[in-house]
Structure formats: C-alpha cells, structure tokens
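**Student:** This is what each chain is made of:
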Amino acid sequence: MLHAIESENFVENQRGALENPHLQRAMTKATEKFVAARVKLEAGDSAQWNRLRNRAREIKELTIANLDHYLDEFAANVERLGGHVFWAADAEAANRYITHLARQRGVRLAVKAKSMMGEEIGVNHALAASGVEPVETDLGEYIVQLAGERPSHINMPAVHKTRGDIAELFAEKLHVGRTDKVEDLTSLARRLLRERFASAGMGITGVNFAVAETGTIVLIENEGNIRLTTSLPRVHVALMGIEKIVPRLEDLEVFLKLLPLSASGQKLTAAVSFLTGVKDAASEEGPEEFHVVIIDNGRVEILANPHLRESLFCIRCGACLNACPVYQKIGGHAYGWVYPGPIGAVLTPQLIGRKRAPDLPFASTLCGACKDACPLKINIPEMLLHLRHEIKEGSDGVGASRKEERPRRTRLIRQLVNLAERAAFKLWAAVMQDAGRYRRAGRIARIVQRVFGQRNAAGDSTLPIKRWTRTRQLPQLAPGSFTSRWPEISRRTKRETND
Amino acid sequence: MRVSLFVTCLVDQMFPQVGEATVELLTRLGVEVTFNPEQTCCGQPAFNNGHRREAREVGAYTLRVFERELMSSDYIVVPSGSCATMIKNLYPKLFGEDAVKEATAKRIAPRVFELSQFIVDVLGIEDADTSRSGCVTYHDSCHLKRELDVSSAPRKLLSSVRGVEFVEMDRADVCCGFGGTFSVTFPELSTAIAQEKIASIERSRAETVVACDSSCLMQINGLLQQRGSNVRCMHLAEFLAARES
Numbered sequence: 001m002l003h004a005i006e007s008e009n010f011v012e013n014q015r016g017a018l019e020n021p022h023l024q025r026a027m028t029k030a031t032e033k034f035v036a037a038r039v040k041l042e043a044g045d046s047a048q049w050n051r052l053r054n055r056a057r058e059i060k061e062l063t064i065a066n067l068d069h070y071l072d073e074f075a076a077n078v079e080r081l082g083g084h085v086f087w088a089a090d091a092e093a094a095n096r097y098i099t100h101l102a103r104q105r106g107v108r109l110a111v112k113a114k115s116m117m118g119e120e121i122g123v124n125h126a127l128a129a130s131g132v133e134p135v136e137t138d139l140g141e142y143i144v145q146l147a148g149e150r151p152s153h154i155n156m157p158a159v160h161k162t163r164g165d166i167a168e169l170f171a172e173k174l175h176v177g178r179t180d181k182v183e184d185l186t187s188l189a190r191r192l193l194r195e196r197f198a199s200a201g202m203g204i205t206g207v208n209f210a211v212a213e214t215g216t217i218v219l220i221e222n223e224g225n226i227r228l229t230t231s232l233p234r235v236h237v238a239l240m241g242i243e244k245i246v247p248r249l250e251d252l253e254v255f256l257k258l259l260p261l262s263a264s265g266q267k268l269t270a271a272v273s274f275l276t277g278v279k280d281a282a283s284e285e286g287p288e289e290f291h292v293v294i295i296d297n298g299r300v301e302i303l304a305n306p307h308l309r310e311s312l313f314c315i316r317c318g319a320c321l322n323a324c325p326v327y328q329k330i331g332g333h334a335y336g337w338v339y340p341g342p343i344g345a346v347l348t349p350q351l352i353g354r355k356r357a358p359d360l361p362f363a364s365t366l367c368g369a370c371k372d373a374c375p376l377k378i379n380i381p382e383m384l385l386h387l388r389h390e391i392k393e394g395s396d397g398v399g400a401s402r403k404e405e406r407p408r409r410t411r412l413i414r415q416l417v418n419l420a421e422r423a424a425f426k427l428w429a430a431v432m433q434d435a436g437r438y439r440r441a442g443r444i445a446r447i448v449q450r451v452f453g454q455r456n457a458a459g460d461s462t463l464p465i466k467r468w469t470r471t472r473q474l475p476q477l478a479p480g481s482f483t484s485r486w487p488e489i490s491r492r493t494k495r496e497t498n499d
Numbered sequence: 500m501r502v503s504l505f506v507t508c509l510v511d512q513m514f515p516q517v518g519e520a521t522v523e524l525l526t527r528l529g530v531e532v533t534f535n536p537e538q539t540c541c542g543q544p545a546f547n548n549g550h551r552r553e554a555r556e557v558g559a560y561t562l563r564v565f566e567r568e569l570m571s572s573d574y575i576v577v578p579s580g581s582c583a584t585m586i587k588n589l590y591p592k593l594f595g596e597d598a599v600k601e602a603t604a605k606r607i608a609p610r611v612f613e614l615s616q617f618i619v620d621v622l623g624i625e626d627a628d629t630s631r632s633g634c635v636t637y638h639d640s641c642h643l644k645r646e647l648d649v650s651s652a653p654r655k656l657l658s659s660v661r662g663v664e665f666v667e668m669d670r671a672d673v674c675c676g677f678g679g680t681f682s683v684t685f686p687e688l689s690t691a692i693a694q695e696k697i698a699s700i701e702r703s704r705a706e707t708v709v710a711c712d713s714s715c716l717m718q719i720n721g722l723l724q725q726r727g728s729n730v731r732c733m734h735l736a737e738f739l740a741a742r743e744s
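Chains as they are written, first to last, in my numbering: chain A, 1 to 499; chain B, 500 to 744.
In case anyone wonders, no lab produced these hints; they're calculated from the structure. Among these hints, one or two may not hold up.
Claimed, not checked - When the alpha-carbon atoms are kept at most 30 Å apart in a straight line, the in silico DSSO-like pairs for lysine-lysine are as follows:
#1 A:K426 with B:K592
#2 B:K644 with A:K267
#3 A:K267 with A:K29
#4 A:K377 with B:K592
Here chain B stands alone, though its shape is the one from the complex (with noise of 0.2 Å):
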C-alpha cells in the first residue's frame, strides 16, 4: 500500500510536525508514504473568496500533480477535512466547463481521503496502537463533518489510544469561526464565535484538544493561548503518532 502526502499549504508552511507525524503514523500503520516536492495548494482560499479564475489555474495545477502521483500511488492522503472537501467535492465544479479536467477530478476523486477517514475507512484501522495520558477531546471541522461525513472516524482512533480518557465537548461540531480569510475580514466576529467554542472545551474539562484541521487548530490555539489557558491543541495526526515517553 502506497499513499502520496497532500500535505497543505498551511502544515508546510506553518505546522510541518503535523506533516511529520502524518508520515510517522501512516508508516507505523504499514503504509509506505512518498510526497513529491512540487505540490503547492489545493486553491481554496481562492474559490471561497469568489476569485474562481485563480482557484482554477492553482487547482488544475493541483490537478496535475495528483494525476501524477496517482500514477504510482494507490491513494492521495490529506490531513485537512477543508483541503480534502475542495479536492473530493468542489473540484468537479471548479472544472465544470472544462470537460477534460472535469473528469480528471472526478477520477481522481474517490482516490483523495482525509487522514482519520483513510486509516478507518481504507485501511481498515480503528485501533491507533499508541498509548497516552490525560484527557483529551475532539472538535468536528465544519467540512469533514458536513461534506465529507466524517465524524466518527477521528472519535474511533482516539478512543482507542490506552492511557488516555476521551470526553466528548458540548457543541463538539459548532464552527470554530476561522473560516479562512472570514477570520481576517470579520476578526471579532471571528473571535466572538471561538469564544463558544474555547468556552465548550474548558466545560469538557479536557487538558488536549484534537482537530483534524490545522486551521481550527490554529484559531483555537490562538485564543487559549491568548487567555494563558493550559489546554493543549493537536492535529490527530500528533496525538496518534508520537508515543509519549
């Protein structure tokens, strides 16, 4: 079995350990990963704001590197809920009046999986084999859950990782208000709906928040640590792959 990291523009540049880990985690699980160095951005924060044309050269950009890859790989691993949905879902529309590229996305589609859903759902996988302490908690990303139906696949693997105690949040799949360029047009709004959210982990009283996207990860990250808060964020891919010593 053969998987070719999407790794995201936003793990390279800003979180590369939760590009690491997703390395580690997979390869303990028995599946050999190669990346290839051209891959840039799979062209949402273009699409979301409406700048279709751009999204369009980035993606079909994107495109061709997963034709590639897929050439010698069996699938395209993502770990962003947000990046895999504009693969999986919105490609096909992007390239709408294009047919040829139209149905190279639609090929390549079903071969594209986020993280937590490639290891349950490909792999076959719910048991993580890793051990740790403490508790900890989940927060559905609003396109994993929503458009890609995962939600409890990152449940499954983190429950069974010995040692640690799993709670589930109130309001566990209410937006974390990032919303990409929102978060920078709107900031208080932004800010105001993560305060619901940052208010739902300390009520869970769990000392690890998990999230399967970076950017939900970020934005909740940036207010605990703004207010001194003690509770630590992950990347499941982090959580899952480093075995605490």
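Same shape as in the complex, but just chain A (with noise of 0.2 Å):
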C-alpha cells in the first residue's frame, strides 16, 4: 500500500502519540533496551570505539567528496562481473525499471528483506500496482505489512507493537489460535515466510554498504531471511541510495563492527553477506541475476549543501532514534514518512521538501543524545539548527528543489504564525540591543504581571503562556532585576569582604 505522506501533520501526530499510554509502554521498553546494550559494549574499550567513529567519519569524508568516482569504479565492477547497474534518479524512475524487471521476467511474487530505500520509493506500491505480490520477510516488516502500517524505526520497524499487539495481530490477519509466546509467533511467521521464499521470481533487498573496488554489496542481518531472498529467487535486486558506497572492502571493518554495535549493541550480526556478482555457469548456488538500482531520489541535492552534506555519512543503525527523548516519547509514525527520530528530522525536509516537513527540524530541545550515539559523530544539532534558519529565513538558494511544492493544504494560519513570529523576534532584538529599552521592558512586563496577577489556570492569559501553564506553574519575574539590585549586592559582598 501506499501511505500518505504525513509530516505536515506532526504536531498533530506527536500529541496523539503522547496520549497513547500504549505506546509509551512499547517505546519505552524497546529503546531502554537498546540504548542499555549499546551502552554496555561500548562500556568495554570507549577508546577503540571513539577510534573506529573517527575513523568512520575519515572514510565517509573521503568518499562523499568523490562520490562520482566512486560511484563509477563500483558500477564498473557491478557490470564486469555480471550485473545490471541502473541509475534512477528519483523513485518513479526506480520503480518503473523494477516492475519492468519483474514483468519480462513474469515475476508473480517479490520476497523482500528489509529496506528503508524500499519504504521510501514505495516500492511495494509499485509492485502490487502491476500484479506482482510483495512479502515482507524481516519479521518487524511483516508484522507492519499485515498491519498495513509504515515500520515506525530504522531497524525494528515493529517496535511501537507489543508482543500482545503481534499476538492479536497473527490471529487476525492468519487465522490462527492466539499465541502470546514469542518462539511459537516466531515459528509460524517462520513457516509462512518459507514456502514463499521458495516461489518468489525475485528477491529484493536494501544495501547496507556497496564496496567500489569490488562491486561487492554487504548485508548484515540477525534473522537469515536475507541470506534466503538473496539465493533462492533467480533475480536479485538491490535498492540503493549514492551515499552507500564505501571504497575498498578492507574499510568495512570499520562499518561492520560500528554497525552491529550502533544498532543493537551486538559485536557482529548473525550473518553478514557479501554478494558480487552473478553465478557462473559451474556454480549451483545463487541467483541467476543481479540488478543494483543506484538512486538519487534527492541525495544529490543534500552533497550540494554543505552544511547538510553531513547527513549522508548516516549508515541507518537507529542509535539516535533510540537515543532521543522526543523519539522515545513520539515513536516513529508521528514523523509522518519514512525516516524518523533525529536523522529523520534532518533527511526528511530535505527528500520530501521543507515546506512538507517544516515541524521536524523544530520538535528538537537540540540535546545532543543523536550525535553522542552516533557511531559517525554525525553533528545532528547543528543540522537541525541549519535547516530550522533555512526554513525561517528561507533558502540560501541552494537546496530549493523541484520538491518545494506548495502542501496539500495550504495553511494560512501558518502563514500568519510565521509573519507574527518574525515580528516578535524583531521587536525582541531591537528591546536587546539596547540596554535602556531593556530595562524599561523589564519595567513594563512587571506592571503587566502584577495587573494580571499568577497565572496557572489555562484559558487565563496569551497562548503562548497558556501552552506551559496548561502542564506546568508559570515562573515570574522577580520583583527586581539582577541589574536593579546590583549597586546594593555590589555594596554588600564589598563589605563582607571587607570585615
């Protein structure tokens, strides 16, 4: 199915979010339990980690300054070994290359193993629209499949279900008894996901790191459902974006240890796949063909800006979804689209607009939990400061794009929230760059508090107190400032001093 795009309802979203105690629990449970064994490995020998992270960050620098020719060197041996490279610059192109793919091939049924680039082209959409029936085969993805929902994280896209949610879930949409044990969901998902393994024309799968020297693309995963979509099936595709290139296969060490890490505070995942290349004709084992869909989808427009370029080192391990108390509060749908939590926050204004997403860069107290976790100190703060300056003083030219259309729903209350804002901020600059004018508001916001009175009720006074007194006591000014008091604090401490 095909979601609606709903980051323009965030604020919306979040507060349904909050007041969904179910999910809290969900969201709670999962990301404590995360953050805790991520903590815990990285715990053992920080300094190794801090050093594979910069080291990280070294190959990713390198790599994102010369894309193109890494790029070309990886097509290059893609094809030379056998494989088709298709560029596709946005998702219809992707799509349409695929479902061609699948048609020629008389592809009936699409085993799929977890790709975030998939969610984002809508690929499932695509397939069922020209007759081809996509499974979801990471369990996470299946469970959000049949519920007909968007996985709500990187990597455990049913993270906002609990195992009673599963449990009731299987029995609906299975028609079997209810179980709520885990091994006995695991088991039936398990056998329902073998027979279509086993009759899909094509297997498609994401690409966590695309090696240029050697055409090699690397998955990693925990449950084997790769290793199955990536064998059985006679055509294989992989999907995707520029940014996940890496130059030569002896820096996946590095990618390979942060990864597991970052994602699930593992030392390695049960099994990591290196894939290049076509069987020859000696060879059994494998698919027949191999198609890598290298997609811009918007990517390149993020390399132009460099102050946002950054966000492209990301390697989708979660940590800073995990990591973040808004994340942990909100969940992942709530953010409306396809990537969530702090990198989310950044890409999505970016790949889908910021006239769509013109909330995310704002739902931040700018922590700092995302770049600490971040196995590429990827500055997320700073990003999200760039892009709320981006969208309140409009673009610096650069990152305007054919996707900066008008919403759906153009929101002239919006419009007149921004214009008031910037008036406020005007007048609140113009009171603080001089210190007289500063005093006398001083002076005036205390008769207006002492006509007014406290107020804690809401429906008392202006919105925007309104919205802290609604969960909170309202502070007050105090009945002098500092600045009033000095001469006699001033005269005090001299004289303390002094006896």
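Two chains, two separate frames, one set of hints: put the complex together.
**Tutor:** Here is the structure:
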C-alpha cells in the first residue's frame, strides 16, 4: 500500500502519540533495551570505539567528497562481474525499472528483505499495482505489512507494537489461534515465509554497504531472511542510495563493527552477506541475475549543501532514534514519513521538501544525545539549527528543489503565525540591543504581571503562556532584576569581604 | 583576579538570587566581581529558532559589551551552560560571514567560562568551603555537558560540601525537556520528557536537585511544584554560596 506523507501533521500526530499510553510503554521498553545494549558494549573499550568512529568519519568524508568516482568504480565492477546497474534519478524511475524487470521475467511474487530505501520509493505499492505480490520477510516488516502500517523505526520496524499486539494481529490476519509466546509467533511467521521464498521469482533487498573496489554489496542480518532472499529467487534486485558506497573492502572492517554495535549492541550480526556478481555456469547456488538500482531521489541536492551534506554519512543504525528523548516519547509514525527520529528530522525536510515537513527540525530540544550516540559523530543538532534557519529565513538558494511544492492544504494559520513570530523576534532584537529599552521592557512586564496576577490555570492568559501553564506552574518575573539590585549587592559583598 | 559577570537575561529577570549567589560565591573564593549593567542577552532564543539575523544583531551588541569588559577583567563568568555555549562555541559560527566580528568572537571565547568550569578549571578550586545538610543530586544540562564538556566540575564542588550526601540520579545527563521555545511549541512533549527526569529525581531520594542552568531548573521546578513535591531546586551557585544557619 502507498502510505500518505503525514509530516505536515506532525504537531497533531505527536500529540496523539503522547496520549497513547500503550505506545509509551512499548517505546520505553524497546529504546531502553537497545540503548543499554549499546552502552554496555561501548563501555567495554570506549577508546577503541572512539577510534573506530573517527576512522569511519574519515572514510565517509573521503567517499562523499569523491562520490562520483567511487560510484563509477562500483558500477563498472558490478557490470564486469555480470550484474546490471540502473541509475535512478528518483522513485518513479526506480519503480519503473523494477516493475518492468518483474514483468519481463514473469515474476508474480517478490520476497523482500528490510529496506528503508524500498520504503522511501514505495516499491511495494508499485509492485502491487503492476500485479506482483510483495512479501516482507523481515519479521518486523512482515508484522507492519500485515498491519498495513509503515515501519516506525529504522531497524525495528514494529517497535511500536507489544507482544500482545502482535499476537492479536497474527490471530486476526493469519486466521490462527492466538498465542502470546514469542517462539510460537516467530515459528509461525517463519513457516509461512519459507513457502514464499521458494516460489518467489524475485528477491529485493537494500544495501548496507556497496564496495567500489570490488562491486560487492554487503548486507547484515540476524534473522536469516536476507540469505534466503538473495539465494533462492532467480532475480536479485538491490536498492541503494548513492551514499552507501565505501571505497575498499578493508574499509568494511570499521563499519561492520560500528553498525551492529550502534543498532543493537552486538559485536557482529548473526550473518553478513558479501554478494559479488552472479553465479557462473559451473556454480549451482545463487540468483541468475543481479540488478543494483542506484538511487538519487534528492541525495545529490543534499550533497550540494555544505551545511547538510554530513547527513549522507548516516549508516542507518538507528542509535540516534533510541537515544532521543523526543523519539522515545512519540515513536516513529508521528514523523509522518519513512525516516523518524533525529536523522529523520534532518533527512525528511530535505528529501520531501522543507515545506512538507516544516515542524520536524523544531521538534527537538537540541540536547545532543543523538550526536553522542552516532557512530559517525554526525552533528545532527547543528544540522537541525541550520534547517531551522533555512525554514525561517528562506533557503539560501541551495536546497530549493523541485520537491518544494506547496503543501496539499495551504495553511493560512501557519503563515500568519510565521509572520507574527518574525515580528516578535524583530521587536525582541530591538529591545535586546539597547540597555535602556531592555530595562524599560522589564519594568513594563512587571506592571503587566502585577495587573494580571499569577496565572496557573489554562484559559486565563495569552496563548504562549497558556501552553506552558497547561502542564506546569508559571514562573514569575522577580520583583527586582539583578541589574537593579547590583549596586546593593555590590556594596554588601564588598562589605563582607572587608570584614 | 577580576571577573566580569554575564548574568544572562533569564537570571537577571527571573532568578536574580542566582546572580547574587554567584557574586557572593566568587567573592568568597577570592575573586573580584564586576558587572556591566549594559548587558542584555546572548541572542540564543533567536538563534535557536532560526532567526540568525536578529541573533546576529543582539550577539554583536553583547560582543561589544564583552570586548569592553575584557579590557579591565580577566574573564567573563556565566552562571549558565547554554549561554556560555552560545558565546564560546556558536558566536564564531554566527559571525562567520563577518571577518572582524568572527575574529573578536574567537578571541573572546577562551576567556568566557561557565561558573563551575571557572571555579574548578581556572581557579583550581574543588572545595567550595561550605557546609549544608541533606541529600543532593545533580542534573547535567545538555549544552554544559555535551558542548562544553563540563560534568565533573559541578560534581566535585557538590561533593565537597560538608554535611551533604551527594547521590547520582539515574539518567542524570538525559534532557529535562525544556529546549527553550520547544517548551512552548511542544508543551505536552516537553512535559512528558520532564516527567522522566522527575521520576529519576524521585528514585534518587534526594531532597535537593542542583543544576548549572536556570532554564532546566525552571522546567524541573515547574513540574515538581505542580506535583506538590517537597524536592527543592537550586542553582549550583545558590547551593554553594549561602551557608545554612
């Protein structure tokens, strides 16, 4: 199914999420567990992890600075070894290629490993529309597919669901007796999915890392569904963003340590697949065809923006999500599109247009927990600040894209609020640049405070204050500012010193 | 040793007792404190909201105040981690397009210190030479810890207070949920995050929670008050300055 983009409704959606105690419980449990696992493993040798993170950054900086070169090298190697490369400018182009390929090969069923890029381009919807049934084989993705939902986390698609939710879902959708035991739920899914692997004409995966030097794609997993997806079907299609490239095989050492650590606190995942080329006539195993779809979909524009380019370093580990106090509270669906959490707040406005996700960069206290957690030390707070600047003061030219369309419902209220805010900050700046004005403003505010009294209950005062007092006690201006009391303070402390 | 106090607009207008305690504390530790009443604000509210033009105007004004102060004072001391971060780390970026102001910002940055950082790292004092009673815990404000890398200085000072039991709360460095205008734009979310902090504080069984940022304290105290809690919130300066009678 094609999910609507809901990022414009973020304010409403996050409020709904907060009012869902069920979601709260699920999010707290899951994020706590994964943060603890990562922190525990890191604590074992924090100096080593720091070195790895610095090295990973170096590799990514080099790669991103020479992306065209490495992409060309990668593509040449893939083709040299019998694979096909398709360069897709956007989602539509990618989907057209894939559905055309499926039609040509008589594919009726495609099995899918978890791929955020697949979500991004909406490949499932495109396949279904062209008569191919897509089946998710990652357990979390299988669950959300059954539920008709988007994944709500980069690694744990069904993190917003409790075991009870899943038990109920399986009982309802798979027409089986309800069981709450994890082993039973898992083996039921496994049994059902096994049958699909065997009869699928196409296997679709993402790409964790694409090695330019050898034309190898690398995929990591804990479930085994990637091994099956990339072995049994005749055709394997791998979807990758242009930023998934690493230059050499040896660069993988760093990333294959950092990704499992950051994603799930593991030293290594259960399986790591290195897939290069296609089988030759002599070999029996593996697909007959290998297609890599290299996708832009807005990434070249990100690359062109020096302030935001670093967001392409992301290896999709999800550590920032788990560490984020905002994500922990509202979950992934509130963000309204494919990528939630801190990295989602940076990528979404860039990929779908700032006008379609204007609230996301502001939904942060800039606490920096994401930056601390990130294996690539991506400075997400700095990028959020830059996006805020772009959104409030107009794009600096770079970053304005064909995707900057007007939102479906032009919000007059939002425009008025923006105008009022700009005026408010102009006034604020005028006051704050002049000590006399600042002091006068303080005096006026105190008169206002005295006249209207202490306000706690909602509905008594002006809108911004009301939004604070709905949930907290309102702090008051002190009777006299520090500045007004300085002469007396100064005298007193001098006297005490001289005693 | 002479320092100029940058009291911050929040403390100036809402929590002057924190400024007062800062002066008393520094004076007791042998530092002469001066104050320029022309100061206003570091400009962070505008900067955080994406209004860099206005942030630059106010920042430029504050930069001039600091330049003048540093002609007759050795350092500028700030009883706030977020304001100190704005000045030290972000002014050079904010004025990136103005070579002169950028140079000034870079020259001033090493002489600007958050209070606890100043006491421990510049004065070299880890004993606050004071006494209190009761159980106290500490909240790491985000900018102070993650941008200025200050987390042991306040703890050293708190632990040095005679008669006080210092306890660590769990998740001491997790955000309180204030985030400036975030608390007004996303009030329910801000409160939900604060509730986790309150839960950590209550689990610590401390009677007082101390922090180096009045914004965090305002957020935490606001929620504690509404719950009718007996836990007190205090700025580090207040906790260390007055001796309990």
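**Student:** Please go over all the hints and tell whether each is borne out by the structure.
**Tutor:** So, going through the hints one by one against the coordinates:
1. A:K426 with B:K592: holds (21 Å)
2. B:K644 with A:K267: holds (28 Å)
3. A:K267 with A:K29: At roughly 22 Å apart (the allowed maximum being 30 Å), K29 (chain A) and K267 (chain A) satisfy the hint.
4. A:K377 with B:K592: Status holds; Cα separation ~19 Å.
No hint from the list above goes unmet by this structure.
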